[in-house]
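Protein chains in written order, with our numbering: chain Y, 1 to 389; chain S, 390 to 778; chain G, 779 to 1102; chain C, 1103 to 1426.
Simulated from the structure, these hints should not be mistaken for lab results.
The structure presented is a predicted model; accordingly, all values stated were derived computationally and were not measured.
Here a beta-carbon is modelled for each residue, glycine too, at the ideal position from N, C-alpha and C.
Please note: incorrect hints may appear among the correct ones.
[Unchecked claim] Sample of chain Y residues facing chain S (criterion: CB under 8 Å; computed from the structure):
| hint | residue |
| --- | --- |
| 1 | S181 |
| 2 | G183 |
| 3 | N186 |
| 4 | E187 |
| 5 | A193 |
| 6 | Q217 |
| 7 | S218 |
| 8 | R219 |
| 9 | V220 |
| 10 | Q224 |
| 11 | A226 |
| 12 | P232 |
| 13 | A361 |
| 14 | R365 |
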Amino acid sequence: MPRKQAKPTAGAEPADGPIQFLSPDGLLEPDSRLELPPAVDLLALYRDMALVRRLDTEAIALQRQGELGLWPSLRGQEAAQVGAAYALAEQDMVFPTYREHGVAWCRGLDPVSLLGLFRGSTLGGWNPYERRFGLYTLVIGAQTLHAVGYGMGLVRDDVVGSGDDTRDTAVLVFLGDGALSEGETNEAFLWAAAQNLPVVFFCQNNQWAISAPYSVQSRVPVAQRAAGFGFPGVSVDGNDVLACLAATREALTRARSGGGPTLIEAVTYRINAHTTADDATRYRPSAETDEWAAKDPLERLRLHLTASGGVGDTGGVGEEYFADIERREQELAEHLRAGCRALPVPDHASSFENTYADMPAELKRQLAEHSEFLASGFLAAGQEIGATR
Amino acid sequence: MPRKQAKPTAGAEPADGPIQFLSPDGLLEPDSRLELPPAVDLLALYRDMALVRRLDTEAIALQRQGELGLWPSLRGQEAAQVGAAYALAEQDMVFPTYREHGVAWCRGLDPVSLLGLFRGSTLGGWNPYERRFGLYTLVIGAQTLHAVGYGMGLVRDDVVGSGDDTRDTAVLVFLGDGALSEGETNEAFLWAAAQNLPVVFFCQNNQWAISAPYSVQSRVPVAQRAAGFGFPGVSVDGNDVLACLAATREALTRARSGGGPTLIEAVTYRINAHTTADDATRYRPSAETDEWAAKDPLERLRLHLTASGGVGDTGGVGEEYFADIERREQELAEHLRAGCRALPVPDHASSFENTYADMPAELKRQLAEHSEFLASGFLAAGQEIGATR
Amino acid sequence: MSISMVKALNNGLRKALADDPKVLLMGEDIGRLGGVFRVTDGLQKEFGSLRVIDTPLGEAGIVGSAIGLALRGYRPVCEIQFDGFVYPAVNQIISQLAKLRHRSGGVITLPVVIRIPFGGGIGSIEHHSESPEVYFAHTAGLKVVTCSNPQDAYDMIRQAVDDDDPVIFLEPKRHYWTKGEVTDETSTPTPFDRARVLRAGTDATLIAYGPMVPAALEAADAAAEEGRSVEVIDLRSLSPLDLDTVRESVHRTGRALVAHEASLSHGFGAELAARIQQEEFHFLEAPVLRITGYDTPYPPSRLESDWLPGVDRILDALDHSLSY
Amino acid sequence: MSISMVKALNNGLRKALADDPKVLLMGEDIGRLGGVFRVTDGLQKEFGSLRVIDTPLGEAGIVGSAIGLALRGYRPVCEIQFDGFVYPAVNQIISQLAKLRHRSGGVITLPVVIRIPFGGGIGSIEHHSESPEVYFAHTAGLKVVTCSNPQDAYDMIRQAVDDDDPVIFLEPKRHYWTKGEVTDETSTPTPFDRARVLRAGTDATLIAYGPMVPAALEAADAAAEEGRSVEVIDLRSLSPLDLDTVRESVHRTGRALVAHEASLSHGFGAELAARIQQEEFHFLEAPVLRITGYDTPYPPSRLESDWLPGVDRILDALDHSLSY
Ligand SMILES: Cc1ncc(C[n+]2csc(CCOP(=O)(O)OP(=O)(O)O)c2C)c(N)n1
Ligand SMILES: Cc1ncc(C[n+]2csc(CCOP(=O)(O)OP(=O)(O)O)c2C)c(N)n1
Ligand SMILES: [Mg+2]
Ligand SMILES: [Mg+2]
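Isolated chain Y, as found in the complex (with noise of 0.2 Å):
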């Protein structure tokens, strides 16, 4: 498959508004706020966005069919996931919120590893060094403050500002708007800003904190934020992938260089409900949902690549492409259900384990007791224990 390059055609440009490079019908414009990258393969952006969207496609029917006891959608964010994914380099960390399954893939974490937390199998799932991809965090907000201190850890080790690219480290903080209310996500920002840190927040507006729009929030764009703690804001188009990992990519070159944090604010939307267990319908209209959906990330890279002469000088792209994305989804599909079903339920003990790196005695002693209770003439009744709903 030829590596194809983005190269915009002429048109104007908005004059303000999120940036964009890719409009929703296709065509690629310049931006004057931002370079266009150079060197970007839209053939496996594409990919990438299509196998994320199946992913999540497919969680959503073992949702449904019971796998799993809920499931966050991603769709409509997978241009400002993936496009966000491919700004980071190796030896950059993620902290990730509860949503970001297009950053994972893009990680290159096994899918699966992504359905433990949310089949209930697991509180964890990947190793959050080996991939340099955090754990999901819950708490809204938490996990901003994470990276600020895994920044501080990079300044500390000199892996900040030092001029080799294989060493420089940012970190990627993902947070959604309603995550710009917390108390903590506001003390990240100011110890980022005073501390000139590593840091590039990249906050994903999807409109909506499950009913809460964006109004309850602010009545400013996301990207002003930045500019109260001293420090670069920039809105741009999140359903454009392209704008997305520019203004990502130029927000980590600087971090790394030592230039210190940027706020992103990636402007998309939440196609589907907040969680497979939130009924949207009672809050928004559909045709707001109906809207955002012309507007959709993958729809318009694939237009512009399908276009005759709108990738490079290699005419619009074939058939076979997309059949080869439609195998690889079918994989992952089968890789998804397999492995979801295949997730071991994990044995009684592991509740007790790991609470501290040692088990201190009364916690051995209470673990003892269970596993008698659990062997004794109890269990045989012991069908009703626990969930008395």
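For chain Y, the structure is supplied; the task is to place chains S, G and C with the ligands on it using the hints.
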């Protein structure tokens, strides 16, 4: 005593930096960014600043004599506090930190009531509803959210933007530069902004949070923080009582009329140590303190008042004015000394009372047990009870 | 009328809003959505968005501004979406809400209710199944109550709103959908700070609250079949503690067991055991036993029915108690 | 060498910083000023401002960023300026710090120490005399320790820094200036999770920790003059609890008393009482008694010596215990 009004003398205006009307040399100059308040009783302002300084000096003396456990001095911040307080309408509500003795004074509190908290004879000291002056808040930032809630109440009481000056009400909440870093303060900012609440945040940037210079908290000026949340921020010379008054008056007027919150930064200086328990020589050079002493807020107004032609058309203020202030200061000092020593040592039962609206049975039992213990033979040896240091 | 606990709470809140214009509800997603558990369903529509307030996403802000509202004469009822999200509000709860009456010598009254769906057993992910009651019960100045059935839910939420002290109102989320008869307001409900004997017995006293009450009753039923007479007490109020009711019972039975979901160490049972052993020292025939969650974080949901104390562990403990 | 507890902590932290470049100190005013109690005096000068960090004024930020630093391989020691200011950090402590090892199946190790000067008796204003130990001891995943003398302060702070679990390190501020012999590092200190019998006795066991230990010893002295032999245990570790040492003692003496400053209800003594009455049921000659602060906010300083439990109340309780 004649009611003296501020009238600007001609002169250059500062291009940027904090808004200033009254220079350290006592020259009154206009500032294009803010209108000089039309009706200001400069003599009253100066007198209150002088009395407030004396209050502070006396409290420090009382602490040295062992009558108070601690005292947070306001020295250097008299203009900020008195200026802000003069902008209040009677119906406005004030939420202070622990250093707003000057505001308390202007609100008409008996200054003796300020001493109880620091003498350890009470945890409060006054009725916050009487003079619409909240209790001192020692937990940094906590009061900012109370101000927000109170402002929400005002909106619901329909006393915001009704157009009736005697009814429309605002909240003035004080905070320090250090308080800008607490998550709760930032939540207060965003709630006030998103709901357009009638809350004026008055930040005395006295350059220090105990030993932390402002640069530890932020790399941009205080007032800039507000823009990030979408409301106006303004910076004034905190040692210029007229600038403080004018900016607060403008902000409170806007708030009362439904125009939403404002953040005011009063750039000033904490001349003394953080409290009487602190040793500022450990962390800041005396040269800095000297520099700020030259910008003394009282001195500049005194210079202005005594300069021939300095106040309106009536010429310099005469000796009898200052003699009168001195008399009042003496009275105040005696009142404080006598009042402090006369503050009642609370009854042991008071520790138990008012924990709940009605004392629960268990607490009654504890109180009875405690009273019995105190009345028992053990009381004889009771000198050592408690503080085994 | 047989309704769910959710509906009972909804009715109670509606009544509170209708009775007193100073009552406000505030929290994340409580308006349009009606709360993630629908406890406030329809109330914003009925009372408007100034009285049923969709707040920004910040728990410190919710409780801190509720304090300010109370200072202005309002009676705010805050919803914390899940037990595990109350911690950002702990500073305002412990340092401000609990203390301002005392600090002000009784001048300040803060009739703030903080509703928290709590406990496990519904298959949730982490932070959604916590039992934080002791953090609040240990804090002087707060009242802490919990209901175990729709009638209590209806009565107690109204009593909490009427109360002049700050009340932490814990709702056992796994019983949200349990239905029960709820009679209307003509009845005179038990004061919400009193425990209630749900089942009389003579061999042992089983004390529970909120989520564990149905299991306690079930255990007593099972024990009865084996000829053991277990008295079951629903504490209802965790602070203040209705020790009289507990003592009267244990004094008779000589045996006490306490069940709760929270971790054993420093869980609610510790205080009960400490009280009972002190007050009924000469009358206890067995030590006070505790049937509780373990000293670990709440487990992933596939393990929760294993981890949570249930009927069988209660019966096991009962055997143990009776063996003394 | 006889030094104060402040100096002992200072020496311990200096040693920890010198021994391991990954050790960092962070907190408000800990650098130039050396902390409001001077525990970190001189350390920033010696180790630089990248290792001894003056942080912004935000406790959530301090603990949250300490977690991030630990994720990057550092061993941060946070100072919370006073007990009453730890609450803004409680969300990070309870939901993140305590749980991440468990959540990650043991992959994540967070060797974070949170130092908190705690307790009353120094004439401070409110929020400066709190005893929040139970909030942490009830939270699985945290270790909670406290020292009562300079030698322990020196040893235990180093053990806390070396420990791979998060440690809440409570410093009894009213004994900060108490001097005591401190031997250097050649000694082999008692593991910091073990209690220590400070004084042997046969008639009753008096259990204390941190601020109350000197009063407990004094009370035992006074009792000895009246011919009563009181064994005094300094718990040192509040979580995990060294129950073995407690049981062994109470088993012999048959009587237990617990003293602490925190409020009675759900205070630390509750758990001790619950354990002891269960484990030593047949050996107790009197109920476990608690000598504690009352169920009120901490009083203004003019009342604190009245409110705080002291030698006389301990002796009173001892009489009571022996009267059974
Ligand atoms: C501290 C905290 N409070 C409340 C919640 C409940 N909650 C879960 S997701 C959510 C909305 C988050 O919105 P946003 O930050 O915009 O992220 P999105 O879900 O849109 O990706 C809320 C309120 C939580 N997880 N944590
Ligand atoms: C939540 C909290 N953390 C820490 C403290 C300890 N403390 C008391 S005053 C202070 C500095 C406050 O500085 P600033 O806000 O600038 O007010 P200033 O004292 O200068 O008036 C600190 C850290 C506190 N009172 N509350
Ligand atoms: Mg969102
Ligand atoms: Mg300051």
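Practice prompt. Mind listing which of the numbered hints don't hold for this structure, in increasing order?
Written response: Violated hints: 12, 13, 14; rest satisfied.
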